[in-house]
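K.L.:
Here are the chains, one letter per residue:
Number of protein chains: 2
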Amino acid sequence: MPPEPLTPEDILRATEDVLRRYGPAKATVVDVARALGVSHGTVYRHFRTKTALREAVIRRWLHTTTGRLARIADGPGPAGERLEAWLRALFAAKRRKATDDPELFATYQVLVEEHREVVSEHIADLIGQLTTLIEAGRASGEFAPGPPDAETTAHAIHRATAVFHKPAHAAEWSRPETADALTTVIALLLRGLRA
Amino acid sequence: MPPEPLTPEDILRATEDVLRRYGPAKATVVDVARALGVSHGTVYRHFRTKTALREAVIRRWLHTTTGRLARIADGPGPAGERLEAWLRALFAAKRRKATDDPELFATYQVLVEEHREVVSEHIADLIGQLTTLIEAGRASGEFAPGPPDAETTAHAIHRATAVFHKPAHAAEWSRPETADALTTVIALLLRGLRA
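Those sequence lines, one after another, are chains A and B.
For the first sequence, full-length UniProt numbering gives the first residue as 1, with consecutive numbering after it.
For the second sequence, full-length UniProt numbering gives the first residue as 1, with consecutive numbering after it.
Misleading hints may appear alongside valid ones.
Some chain A residues close to chain B (C-beta under 8 Å, calculated; not the full set) [said to hold, decoys possible]: (1) T51; (2) A52; (3) L53; (4) V118; (5) V119; (6) T152; (7) R159; (8) H165; (9) A168; (10) A171; (11) L189; (12) R191; (13) A195.
If you're looking for bench data, these hints aren't it; they were derived computationally from the structure.
Here the structure is a predicted model, which means the values were calculated and not measured.
Just so you know, even glycine gets a beta-carbon here, dropped at the ideal spot from N, CA and C.
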């Protein structure tokens with residue numbers, strides 16, 4: 001028994017370990033409970049279903065990226081510089097996840113395919129941050145006004161940088177030319193926003 | 001026996017049919033010969049190995065896209081309009097292949113994964129066409145001069161539109177919002193090129 005009361009974070013960390021060890025197809029709530037030295041009823045008191053537990057662990061994984069990005073989106077400085085820093089931080093965060101622990105990254109790819117609604121929330125969160133940045137740049141006169149509206153433009157930027165953040169392209173992320181290409185793409189998009 | 005002498009095109013068409021019917025893992029040169037009513041030696045006189053035959057059939061499939069695009073790249077009119085038409089034609093050609101005959105599209109996805117050097121040639125061909133278009137726009141003063149050079153900019157445009165032509169994204173191509181997103185992305189990139 002753990003000396004401190006069990007927190008949701010303890011359960012999520014143990015779930016990630018169990019998923020990594022047994023793989024998404026085999027990992028069960030009983031495995032998580034056993035890893036924590038508690039009954040599976042204790043786990044179910046915090047997460048009512050296996051689906052709820054898996055969704056929470058995916059949200060936690062995705063939030064390590066979006067939390068850092070939110071601080072850039074809401075930070076000081078010209079909108080163009082913040083947008084550039086935001087796009088670079090998104091690429092760096094995804095690349096780090098893919099290269100530092102490829103096995104865990106592959107595990108999460110399987111999980112997100114099975115819980116697309118959590119991914120949709122994540123994308124909506126990113127689009128929201130981009131929209132805020134574009135609105136800030138338009139309000140200060142740094143970016144040209146619409147149409148299209150800021151949210152449509154945010155979607156366009158998200159798609160135009162997909163090769164730098166969509167997991168389907170992860171194999172390209174460690175190549176030096178990919179980082180160089182991101183620099184050129186960002187410069188082109190910023191000129192487009194300012195024009 | 002066919003009444004006319006067997007052409008390479010006859011063999012490639014038959015190979016595509018055989019690949020579609022048996023799948024890339026099982027289709028053999030003997031199957032192609034049987035479909036044509038000739039000996040496998042006759043097929044080998046035109047294509048010296050199974051690999052050479054498969055590469056030729058992939059090149060033929062990819063060329064149905066690049067041939068049409070080359071006519072747009074080399075056509076008349078302002079570079080910006082040609083670039084827009086070129087990007088729309090690339091998306092339309094890929095979407096048509098993916099939706100008109102999804103089984104054949106899936107077959108070719110397996111083939112291209114096994115013959116990456118043919119894909120590299122294809123991408124080099126597309127980058128060459130984009131580079132020509134950007135150079136034309138810079139020469140006429142329609143696009144801003146570099147740096148970066150036209151080829152680097154061509155690579156950036158190819159990557160920024162990847163979700164509209166890379167097969168990993170094919171599932172999104174039939175959604176109406178994808179065509180709208182392409183319009184916004186093209187407008188943003190063209191403003192960036194002109195700025």
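K.L.:
Would you pick out the hints that fail for this structure and give their numbers low to high?
P.N.:
1, 2, 3, 4, 5, 8 and 10
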